[in-house]
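Enquirer: Here's the letter readout for the chains.
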Amino acid sequence: MTDDILQTKVKEHFGDRFTVTIPHPNRAWITVSVEELPELAKWLKDDLGYYHCSTITGLDSGEVFEALYHVTAGAGELTLRVAVPKTNPHLPTLTAIWPGAILYERELQDMFGLVIDGHPDPRRYVLPEDWPDGVYPLRKDYVYTYQEAPPAKRGE
Amino acid sequence: MPTIKVPLGPQHPALKEPESFKFELDGERIVDVDVRMGYAHRGIEKGFEARNFTQGIYLAERICGICSHSHTTPFAQNAEELLKLEIPPRAKWIRSLVGELERIHSHLLWLGVAGHEVGFDSLFMYTWRDRELVLDMLEHISGNRVHYGMNTIGGVRRDISAEQVTKLKEMNDIVTARTDYYIKMCTAEPTFMARISGVGPLTTQQALDLNAVGPMARASGVKRDVRKDDPYAAYGEIPFDVITADSCDILGRAVVRVFELLQSVKIVDYILKNMPAGDIKVKAPRKIPSGEAIARYEAPRGENIHFMKSNGTEKPDRVKVRAPTYANMPATIVSLRGGYVADIPITVAAIDPCFCCADRMVRLVDPRKGRNDLLSWPQLQQYSRDWLRKMGTVPRSERSGGLSPIFRGI
Chain A
1 MTDDILQTKV KEHFGDRFTV TIPHPNRAWI TVSVEELPEL AKWLKDDLGY YHCSTITGLD
61 SGEVFEALYH VTAGAGELTL RVAVPKTNPH LPTLTAIWPG AILYERELQD MFGLVIDGHP
121 DPRRYVLPED WPDGVYPLRK DYVYTYQEAP PAKRGE
Chain B
1 MPTIKVPLGP QHPALKEPES FKFELDGERI VDVDVRMGYA HRGIEKGFEA RNFTQGIYLA
61 ERICGICSHS HTTPFAQNAE ELLKLEIPPR AKWIRSLVGE LERIHSHLLW LGVAGHEVGF
121 DSLFMYTWRD RELVLDMLEH ISGNRVHYGM NTIGGVRRDI SAEQVTKLKE MNDIVTARTD
181 YYIKMCTAEP TFMARISGVG PLTTQQALDL NAVGPMARAS GVKRDVRKDD PYAAYGEIPF
241 DVITADSCDI LGRAVVRVFE LLQSVKIVDY ILKNMPAGDI KVKAPRKIPS GEAIARYEAP
301 RGENIHFMKS NGTEKPDRVK VRAPTYANMP ATIVSLRGGY VADIPITVAA IDPCFCCADR
361 MVRLVDPRKG RNDLLSWPQL QQYSRDWLRK MGTVPRSERS GGLSPIFRGI
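Protein chains in written order, with my numbering: chain A, 1 to 156; chain B, 1 to 410.
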């Protein structure tokens, strides 16, 4: 899927609802609201052949959390940007559209505390079972405290 | 007959890496599989946020021990995209050269592991012997066998001299001849083919739906290769074919990999003959302007994706890494279902897994009592001390003597 075909198709189907921005060749971005996300995702897969969800990136952007869905149909990489409020971070599951996204959604729950509504298997995936509840390591308020160990002395 | 549940791991049934499978078995047949990863999540994504970009490239190198170049290249590509830096052509060709050498040694390693898992240890010894030639050459050109440290933001750190090109050509000729032998082996050796044919099935539709990547997807007839689809480094200028197979089983994954070996040695040959002269790097500033970038890279195991967000400082705001084994996990579960217990090691090894992690918890299942306990690290330490006392040994922590501090806790 080349950049201009994608732009034309989105324009034809959705009019001005979504804007495709292309900051770099083969890297398209669409900003979408949580409510519109499943509709857009389904259309991308069924009509344009975006069958491959590469991964989901979580972002702590100060006021909001953002989820970036990286999807591809061969050539370019399309990213769907969704923002959710920090007070009520809920996202719908997209596993019905991209079954391969199941583990990425679980990782998003572990690392950012986003709640994926309707997820078929919402157990922990990356973090251990004895990790405290409500602590999400990739949020910005989780401080990185790891210190490099001092180099070992001779004879130790 | 009721099914029984068998835990396998946290040690890998095929490679020496930690992850845990829970198999639900009906006799010898696998009914269902549950996989648990993250035993050795090292917090690298958080670690990137605490390091500057130059340190980040060395951290990226250490994500994986086999495909180290496959992580530094997308990291550097992202930084260069944000800096709007065009790297010299020679640097791009050297990146591709090291990437292909890495693919050759990784595929040879896989072929050896696959041979070992199906009881064909001569193959394991042959391939690992030939792999040494590639590792020696990588050491010759970069100074290291696996963590080459070739990439830097703005190009590569070391040039390839004329004398090194001659040596690389000699090595490449030997590996090309050996590759022909391995191709014959994977396409004509009846016992090897009979053992892996039809094992670990994954249909084309499943590979598409479950977002499989790399040789796993290509062996199921999905023609995806980032080097062709979205060329990076010098791949836009290098002729090569994307290898696919339609047998949708482990034989297909083996065939795809040996033919990819052939493509890789051809690419190395082409690079050595056509590499442009010139500079190998341009100077990059320490601070990287705000912005977001995505880089894709075809690692030996499949597609690597890196996302980078910079906030205009010396340190990245966020770096996201998606390695190919992670993407192939749902497809592995499907390919294990319906198979036999004896096929577990080869089916898991067939994705060429790479779980780069360190243990943090242990699951203990007592088969007689049916107890399923989770032990935290202090509990595990206590358990091991009690066990040692029961066996009549004094735990190390209670012994006197000059022990290394890392052992003192146990």
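Hints are computed from structural coordinates only; laboratory data are not their basis.
A couple of the hints might just be wrong.
[Unchecked claim] Under the rule of at most 30 angstroms between Cα atoms (straight-line distance), these lysine-lysine pairs were calculated in the DSS-like manner:
id: 1; chain 1: A; residue 1: Lys86; chain 2: B; residue 2: Lys315
id: 2; chain 1: A; residue 1: Lys153; chain 2: B; residue 2: Lys46
id: 3; chain 1: B; residue 1: Lys223; chain 2: B; residue 2: Lys283
id: 4; chain 1: B; residue 1: Lys315; chain 2: B; residue 2: Lys84
id: 5; chain 1: B; residue 1: Lys228; chain 2: B; residue 2: Lys273
id: 6; chain 1: A; residue 1: Lys9; chain 2: B; residue 2: Lys287
id: 7; chain 1: A; residue 1: Lys45; chain 2: B; residue 2: Lys228
id: 8; chain 1: B; residue 1: Lys228; chain 2: A; residue 2: Lys140
id: 9; chain 1: B; residue 1: Lys228; chain 2: A; residue 2: Lys11
id: 10; chain 1: B; residue 1: Lys228; chain 2: B; residue 2: Lys281
id: 11; chain 1: B; residue 1: Lys315; chain 2: B; residue 2: Lys281
id: 12; chain 1: B; residue 1: Lys281; chain 2: A; residue 2: Lys140
id: 13; chain 1: A; residue 1: Lys140; chain 2: B; residue 2: Lys223
id: 14; chain 1: B; residue 1: Lys287; chain 2: B; residue 2: Lys266
id: 15; chain 1: B; residue 1: Lys84; chain 2: B; residue 2: Lys228
id: 16; chain 1: B; residue 1: Lys169; chain 2: B; residue 2: Lys266
id: 17; chain 1: A; residue 1: Lys9; chain 2: B; residue 2: Lys228
id: 18; chain 1: A; residue 1: Lys86; chain 2: B; residue 2: Lys46
id: 19; chain 1: B; residue 1: Lys46; chain 2: B; residue 2: Lys84
id: 20; chain 1: B; residue 1: Lys223; chain 2: A; residue 2: Lys42
id: 21; chain 1: B; residue 1: Lys223; chain 2: A; residue 2: Lys45
id: 22; chain 1: B; residue 1: Lys266; chain 2: B; residue 2: Lys315
id: 23; chain 1: A; residue 1: Lys11; chain 2: B; residue 2: Lys223
Enquirer: Does each hint fit the structure? Answer for all of them.
Expert: Quick rundown of the hints versus the structure:
A threshold of 30 angstroms between alpha carbons decides the hint, and for A/Lys86 with B/Lys315 the separation of about 24 angstroms falls inside it, so the pair holds. With a C-alpha separation of about 29 angstroms, the suggested pair A/Lys153 and B/Lys46 falls inside the 30 angstroms cut-off, and the hint holds. Distance restraint check for B/Lys223 and B/Lys283: the Cα-Cα separation of roughly 37 angstroms exceeds the 30 angstroms cut-off, and the hinted pair is therefore not satisfied. Among the hinted pairs, B/Lys315 with B/Lys84 is consistent with the structure: their alpha-carbon atoms are about 17 angstroms apart, no more than 30 angstroms.
For the proposed pair B/Lys228 and B/Lys273, the alpha carbon gap of about 21 angstroms is at most 30 angstroms, so the pair holds. Of the pairs offered as hints, the one joining A/Lys9 and B/Lys287 is violated, with about 38 angstroms between alpha carbons and a cut-off of 30 angstroms exceeded. Between A/Lys45 and B/Lys228 the alpha-carbon distance is near 22 angstroms, which keeps this suggested pair within the 30 angstroms criterion. A threshold of 30 angstroms between alpha carbons decides the hint, and for B/Lys228 with A/Lys140 the separation of about 37 angstroms lies outside it, so the pair is violated.
For the hint linking B/Lys228 to A/Lys11, the alpha-carbon distance of about 28 angstroms falls within 30 angstroms, and the restraint holds. Restraint check for B/Lys228 and B/Lys281: the C-alpha separation of about 25 angstroms stays at or below 30 angstroms, so the hint holds. Distance hint between B/Lys315 and B/Lys281 is fulfilled; the C-alpha atoms sit about 21 angstroms from each other, no more than 30 angstroms. A threshold of 30 angstroms between alpha carbons decides the hint, and for B/Lys281 with A/Lys140 the separation of about 34 angstroms lies outside it, so the pair is violated.
Simply put, A/Lys140 and B/Lys223 have alpha-carbon atoms about 39 angstroms apart, too far for the 30 angstroms limit, and the pair is violated. Our distance criterion of 30 angstroms between C-alpha atoms is broken by B/Lys287 and B/Lys266, whose separation comes to about 39 angstroms. This hinted pair checks out: B/Lys84 and B/Lys228 have alpha carbons roughly 23 angstroms apart, not beyond 30 angstroms. A hinted pair counts as satisfied when its Cα atoms are at most 30 angstroms apart, and B/Lys169 with B/Lys266 qualifies at roughly 11 angstroms.
For the hint pairing A/Lys9 with B/Lys228, the CA-to-CA distance comes to about 24 angstroms; that is within 30 angstroms, so the pair holds. Simply put, A/Lys86 and B/Lys46 have alpha-carbon atoms about 20 angstroms apart, close enough for the 30 angstroms limit, and the pair holds. Note on B/Lys46 and B/Lys84: the hinted pairing holds, with a Cα-Cα distance of about 25 angstroms set against a maximum of 30 angstroms. Our distance criterion of 30 angstroms between C-alpha atoms is met by B/Lys223 and A/Lys42, whose separation comes to about 22 angstroms.
Pair hint B/Lys223 plus A/Lys45 holds up; C-alpha atoms about 17 angstroms apart against a cutoff of 30 angstroms. Our distance criterion of 30 angstroms between C-alpha atoms is broken by B/Lys266 and B/Lys315, whose separation comes to about 39 angstroms. At most 30 angstroms may separate the alpha-carbon atoms for a hinted pair to count; A/Lys11 and B/Lys223 meet this at roughly 29 angstroms.
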